[in-house]
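2 protein chains.
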Amino acid sequence: MAAVAGHEDTRTRLLATALRLFTAHGVEGTSLQMIADELGVTKAAVYYHFKTKDEITEAVVEPGLRELESIVGEAARERRVGARIDHMLAGFVDLVVRHRALVALFSSDPGVARALEKHFFGKESCMVGMMTILTGPDPDPARVVAAHAAVAGIALAGGSPDLAHYDDDTLRESLLEVGRKLLGRPRRRG
Amino acid sequence: MAAVAGHEDTRTRLLATALRLFTAHGVEGTSLQMIADELGVTKAAVYYHFKTKDEITEAVVEPGLRELESIVGEAARERRVGARIDHMLAGFVDLVVRHRALVALFSSDPGVARALEKHFFGKESCMVGMMTILTGPDPDPARVVAAHAAVAGIALAGGSPDLAHYDDDTLRESLLEVGRKLLGRPRRRG
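Line by line, the protein sequences are chains A and B.
Each residue of the first sequence is one higher than the last, beginning at 1 in the working numbering.
Each residue of the second sequence is one higher than the last, beginning at 191 in the working numbering.
Isolated chain A, as found in the complex (with noise of 0.2 Å):
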């Protein structure tokens, strides 16, 4: 059980340790010698992981995805059209907000966005799952267009660093906002 937990902190700290590292000096100019040097551990001590840096990637981008993929069902499962909208705008603009740094890292990095395309960008992928949600039922270009605006602005904005200077309340809420005027919703009360 140690042993287990160990492992399992280790990968943790691995995780951590490599997202600092592409962010500081992107996927491609970072190597597993540096992530182990890093973490102050044997290279073969990251290969019992990982045996290659985009098994890491991969690994760094997961929980992120897995949240979306949840928030997308929950949205699924409101019974209101609008409902369902708010679920899944809130739920995005959060998650972008928390992972500030790695949606950073998505929209500048090609080894991430790699990493993802295949989660994020697939035919059955919650990318198409919230795309679905944000425009409703029977859509016009108009409103395909305004979400796929929604979803873009709010990543890349959030990811912005030239905005990354404002805090996580006053980000969350100017997102929010621009993604209830694309798509047409009232602010929440209370």
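Don't read these hints as lab results, they were simulated from the structure.
Quick caveat, the model's predicted, so the values are computed rather than measured.
The beta carbon of each residue, even a glycine, is placed where N, CA and C say it ideally should be.
A couple of the hints might just be wrong.
Claimed, not checked - If you only want the chain B side, here are some residues facing chain A, beta carbon under 10 Å, derived:
hint, residue
1, 285
2, 338
3, 339
4, 360
5, 363
Using the hints provided, position chain B relative to the given structure of chain A.
Just chain B, lined up with the frame of chain A:
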């Protein structure tokens, strides 16, 4: 004179061919040899115009950037804040729609993003000029976030393969509406 005209013509064809190959295979997946083969010229003929693929990528991107610069300049010369924003927005949307293939490449290809970076994201770049116009004087955080989301949303939705089946007019009108909503601008009359 005839020789110069011939060279100009080859250069233009070379850039159009490069954009087509970049779109099909990515910048990384396109070689100078592939460009030469597609044009039916020798690799030496390509070298006559460009020494590296980076030079070609920059040259492919440059006309669009020059257009953006001149739109920023025109918009800045408008006297009223609202007119500045409307001019900038209409010009940017039109540019994105006319250069859809390039915008799509820019959003998805690290090679193009790198070539654009120094022109587009530097301190003195036209991106800064565009943002200054779109946010208006003394913007609050919500306004800054909205302007960033508008630019990112328009560019990424405009270049999205999911929306490639919309005709130019439909896409242009829908993207303008995205910008107007986020920047609080009224629809134009007429």
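So, going through the hints one by one against the coordinates:
no.	hint	verdict
1	285	16 Å, violated
2	338	4 Å, holds
3	339	3 Å, holds
4	360	5 Å, holds
5	363	7 Å, holds
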